[in-house]
Amino acid sequence: MGHNDDEIKISRDEEEENMAAWLLGIKTLKIQPYRLPSLGPQDVKVRIKALGICGSDVHHFKTMRCANFIVKKPMVIGHECAGIIEEIGSEVKSLEVGDRVALEPGISCRRCNLCKNGSYNLCPEMKFFGSPPTNGSLAHKVVHPANLCFKLPENVSLEEGAMCEPLSVGVHACRRATVGPETNVLIMGSGPIGLVTLLAARAFGAPRIVIVDVDGHRLSIAENLGADATVQVSTLEEDAVAEVVKIQNAMGSGIDVSFDCVGFNKTMSTALAATRSGGKVCLIGLAKSEMTVPLTPAAAREVDVIGIFRYRNTWPLCLEFLRTGKIDVKPLITHRFGFSQKEVEDAFETSAQGGNAIKVMFNL
Amino acid sequence: MGKGGMSLGEMKDGEEVNMAAWLMSLNTLKIQPFNLPPLGPYDVRVRMKAVGICGSDVHYLKTMRCADFVVKEPMVIGHECAGIIEEVGSEVKTLVPGDRVALEPGISCWRCNLCKEGRYNLCPEMKFFATPPVHGSLANQVVHPADLCFKLPENVSLEEGAMCEPLSVGVHACRRANIGPETNVLIMGAGPIGLVTLLAARAFGAPRIVIVDVDNYRLSVAKDLGADDIVKVSINLQDVAEEVAQIHKAMGRVDVSFDCAGFNKTMSTALSATHAGGKVCLVGMGHLEMTVPLTPAAAREVDVIGIFRYKNTWPLCLEFIRSGKIDVKPLITHRFGFSQKEVEEAFETSARGGTAIKVMFNL
Numbered sequence: 004m005g006h007n008d009d010e011i012k013i014s015r016d017e018e019e020e021n022m023a024a025w026l027l028g029i030k031t032l033k034i035q036p037y038r039l040p041s042l043g044p045q046d047v048k049v050r051i052k053a054l055g056i057c058g059s060d061v062h063h064f065k066t067m068r069c070a071n072f073i074v075k076k077p078m079v080i081g082h083e084c085a086g087i088i089e090e091i092g093s094e095v096k097s098l099e100v101g102d103r104v105a106l107e108p109g110i111s112c113r114r115c116n117l118c119k120n121g122s123y124n125l126c127p128e129m130k131f132f133g134s135p136p137t138n139g140s141l142a143h144k145v146v147h148p149a150n151l152c153f154k155l156p157e158n159v160s161l162e163e164g165a166m167c168e169p170l171s172v173g174v175h176a177c178r179r180a181t182v183g184p185e186t187n188v189l190i191m192g193s194g195p196i197g198l199v200t201l202l203a204a205r206a207f208g209a210p211r212i213v214i215v216d217v218d219g220h221r222l223s224i225a226e227n228l229g230a231d232a233t234v235q236v237s238t239l240e241e242d243a244v245a246e247v248v249k250i251q252n253a254m255g256s257g258i259d260v261s262f263d264c265v266g267f268n269k270t271m272s273t274a275l276a277a278t279r280s281g282g283k284v285c286l287i288g289l290a291k292s293e294m295t296v297p298l299t300p301a302a303a304r305e306v307d308v309i310g311i312f313r314y315r316n317t318w319p320l321c322l323e324f325l326r327t328g329k330i331d332v333k334p335l336i337t338h339r340f341g342f343s344q345k346e347v348e349d350a351f352e353t354s355a356q357g358g359n360a361i362k363v364m365f366n367l
Numbered sequence: 347m348g349k350g351g352m353s354l355g356e357m358k359d360g361e362e363v364n365m366a367a368w369l370m371s372l373n374t375l376k377i378q379p380f381n382l383p384p385l386g387p388y389d390v391r392v393r394m395k396a397v398g399i400c401g402s403d404v405h406y407l408k409t410m411r412c413a414d415f416v417v418k419e420p421m422v423i424g425h426e427c428a429g430i431i432e433e434v435g436s437e438v439k440t441l442v443p444g445d446r447v448a449l450e451p452g453i454s455c456w457r458c459n460l461c462k463e464g465r466y467n468l469c470p471e472m473k474f475f476a477t478p479p480v481h482g483s484l485a486n487q488v489v490h491p492a493d494l495c496f497k498l499p500e501n502v503s504l505e506e507g508a509m510c511e512p513l514s515v516g517v518h519a520c521r522r523a524n525i526g527p528e529t530n531v532l533i534m535g536a537g538p539i540g541l542v543t544l545l546a547a548r549a550f551g552a553p554r555i556v557i558v559d560v561d562n563y564r565l566s567v568a569k570d571l572g573a574d575d576i577v578k579v580s581i582n583l584q585d586v587a588e589e590v591a592q593i594h595k596a597m598g599r600v601d602v603s604f605d606c607a608g609f610n611k612t613m614s615t616a617l618s619a620t621h622a623g624g625k626v627c628l629v630g631m632g633h634l635e636m637t638v639p640l641t642p643a644a645a646r647e648v649d650v651i652g653i654f655r656y657k658n659t660w661p662l663c664l665e666f667i668r669s670g671k672i673d674v675k676p677l678i679t680h681r682f683g684f685s686q687k688e689v690e691e692a693f694e695t696s697a698r699g700g701t702a703i704k705v706m707f708n709l
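Chains as they are written, first to last, in our numbering: chain A, 4 to 367; chain B, 347 to 709.
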């Protein structure tokens with residue numbers, strides 16, 4: 004595998020060999036050929052141009068699993084992507100060759116009750132880029148259903164298109180929590196998901212947003228992105244009570260909705276205690292399987308716990324937010340890499356380190 | 347003090363002395379005089395006729411506290427009640443002496459944001475019968491706002507009126523969980539709250555209701571009350587997976603679960619058993635801190651809905667009972683009169699649980 008772009012244009016039977024980044028084992032990524040399925044009548048072939056690394060990609064990389072998903076055989080990694088249409092299936096009418104599109108990763112079955120009732124993100128037969136056993140999209144090209152490819156407005160870049168995926172998590176959470184002009188929002192965690200939730204909450208009209216983290220640098224990013232106030236917290240359970248007070252003071256009035264973008268006992272307990280009676284806590288971060296939390300006192304104040312899993316029907320809204328400038332995701336992209344063996348390895352190292360790295364983006 | 351059934355208050359200088367059951371200290375109830383406040387223009391004075399005992403009343407008796415509420419001085423106990431209007435305040439137009447009414451226990455402030463939004467059950471200034479420091483209603487008479495007294499339809503008895511209070515918890519839970527003709531319902535716990543939730547869920551149109559408990563007798567009561575299926579479960583956490591399988595076999599898809607017990611195990615079972623996109627309502631207040639598999643549930647968008655008492659439920663409860671859509675009478679298993687000895691026995695009986703579902707005082 005080569006280091007520069009010329010390498011990838013290997014001709015083979017006059018057709019470019021498609022290459023992808025394969026996860027072969029723990030911390031072992033290798034750029035290798037990736038044979039695409041044939042193009043169905045409702046599919047398109049997309050040349051991937053921008054792809055972001057997600058915490059789940061890193062988790063698969065480090066452990067070969069993520070929750071109940073286990074990588075049992077080599078799998079192409081990556082799912083946050085955008086590219087250019089190269090070929091369209093015979094029945095595709097809404098897209099043309101040359102169109103720039105952002106891709107929604109998950110193909111649901113469209114037949115089960117969950118799909119038919121609109122909760123397709125919960126489909127048990129979901130085939131999702133980079134969730135084993137479905138190959139991901141860190142590749143030159145992928146084949147994907149046309150209805151899951153969304154045309155980018157003129158003024159939205161391919162990198163911003165790729166950012167629609169993480170942004171969708173924030174948008175879906177704000178919808179489920181019914182964030183609006185009267186909901187004061189608390190966000191636990193100022194990592195990539197906390198930050199897209201901040202951007203989404205602002206776009207949904209939240210009047211006041213307080214964000215909380217252990218890391219001072221990440222809090223300053225949040226401030227630059229428009230958080231009304233930040234509170235630095237510790238990892239110690241015994242500090243929770245005092246922190247709840249600080250958080251409530253920072254908000255000023257009642258906290259209507261809290262987003263736990265981390266998912267630890269402490270962040271959840273803090274959110275439950277800080278949220279006003281009748282409010283909601285959204286659990287987005289999926290850090291721990293079993294949690295020990297003061298659920299009963301929260302339930303006794305009718306503070307509801309809303310679960311968030313990925314997103315549904317969010318791309319059009321994300322693209323509109325980006326088109327109008329209501330949301331600017333560009334500051335979240337902190338590191339960029341090309342598509343070569345070394346750069347793929349460096350990119351994952353960088354993303355895994357966290358810290359200054361918010362969103363690591365591949366340009367292909 | 348009278349000995350059974352209808353007991354009138356004591357007389358003193360030709361005037362009735364209002365008597366009530368006071369919680370004096372741990373495990374100590376005493377019938378003593380209870381001075382009523384003067385009747386305000388919007389108040390009514392009600393002669394109590396039927397008062398049920400709630401699990402929270404028993405908890406106060408045994409521990410002098412319930413969650414964050416602590417009994418610091420003697421307090422009249424009891425809150426599930428109905429009676430007959432004796433006197434109405436000057437501004438009261440909707441009720442007249444002689445009217446039979448069921449009482450909604452809690453007086454909220456009506457001024458705060460929560461009250462004004464209609465979520466008055468969450469009012470921080472709530473004054474609730476027998477939640478310290480507010481006196482309860484196991485007494486000959488109480489004074490109460492007229493707007494919290496609901497006239498009983500002709501065919502609804504005073505005991506059924508008193509049952510509106512626990513029934514309200516089930517009704518409020520069914521509302522918050524959006525129970526309807528397409529929601530299969532799982533109920534954890536076949537005690538009084540599980541049973542009123544069963545009755546309410548049926549009245550809201552739930553097509554299939556499965557109820558679980560550790561106790562066979564309570565499960566048979568549930569079956570008689572119309573549960574479609576029952577599953578006996580254990581108290582062992584390691585049995586959760588097996589029990590979820592049994593529940594799915596009995597139900598098919600579980601859309602809404604009501605945890606009317608509130609323990610780690612019941613909550614874990616409910617979270618695992620409920621279908622993606624469904625809801626788990628936490629009604630029972632067993633444990634303060636819970637260790638539960640919250641994340642797998644959240645990752646299936648199974649939401650956890652909290653239930654605290656009720657709001658705006660009396661009219662609906664009375665209509666359900668009037669029309670026969672709900673029959674609460676089978677829940678009343680034991681009856682006692684208002685005397686020192688009977689009050690003590692009644693609480694003993696209620697505390698024992700088992701075959702005692704709802705213990706009712708007739709005054």
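Where hints are given, some of them may not hold.
[Unchecked claim] Partner residues aside, some chain B positions facing chain A, computed with beta carbon under 8 angstroms: (1) 468; (2) 472; (3) 636; (4) 641; (5) 642; (6) 643; (7) 649.
[To be verified] Ranges between beta-carbon positions, derived for each pair: (8) A:229 to B:566: 42 to 50 angstroms; (9) B:440 to A:229: 36 to 44 angstroms; (10) B:413 to A:292: 25 to 33 angstroms.
[Stated by the list, open to error] Reference excerpt, derived from the structure (chain B facing chain A, CB under 8 angstroms, subset only): (11) 442; (12) 633; (13) 635; (14) 677.
Think of the hints as simulated: they come from the structure by calculation, not from any bench. All C-beta atoms in this analysis are idealised placements derived from N, C-alpha and C, irrespective of residue type, glycine included.
Structure-based check of each hint:
For residue 468 of chain B, the shortest C-beta to C-beta distance to chain A is roughly 4 angstroms, which falls under 8 angstroms, so the interface hint holds. This hint is violated: residue 472 of chain B has a C-beta 11 angstroms from the nearest C-beta of chain A, more than the 8 angstroms allowed. Interface restraint check: residue 636 of chain B against chain A, minimum CB-CB distance 4 angstroms, threshold 8 angstroms, status holds. Using the Cβ-Cβ criterion of 8 angstroms, the hint placing residue 641 of chain B at the interface with chain A is satisfied: the shortest such distance is roughly 5 angstroms.
A least Cβ separation of about 6 angstroms between residue 642 of chain B and chain A falls short of the 8 angstroms threshold, and the interface hint therefore holds. The beta carbon of residue 643 of chain B comes within 6 angstroms of a beta carbon in chain A, closer than 8 angstroms, and the hint placing it at the interface holds. The restraint placing residue 649 of chain B at the interface with chain A holds, with a minimum CB-CB distance near 5 angstroms, inside the 8 angstroms limit. Checked against the hint of 42 to 50 angstroms, the C-beta distance between residue 229 of chain A and residue 566 of chain B comes to roughly 60 angstroms, which is inconsistent with it.
Roughly 52 angstroms separates the CB atoms of residue 440 of chain B and residue 229 of chain A, a value that falls outside the hinted 36 to 44 angstroms. Distance hint check: the CB atoms of residue 413 of chain B and residue 292 of chain A are about 28 angstroms apart, consistent with the given range 25 to 33 angstroms. Hint status for residue 442 of chain B relative to chain A: violated, with the closest Cβ pair at about 36 angstroms, above 8 angstroms. The beta carbon of residue 633 of chain B comes within 6 angstroms of a beta carbon in chain A, closer than 8 angstroms, and the hint placing it at the interface holds.
Checking residue 635 of chain B against chain A: minimum C-beta separation of about 5 angstroms stays under 8 angstroms; hint holds. For residue 677 of chain B, the interface hint is violated, since its Cβ never comes within 8 angstroms of a Cβ in chain A; the closest pair sits about 24 angstroms apart.
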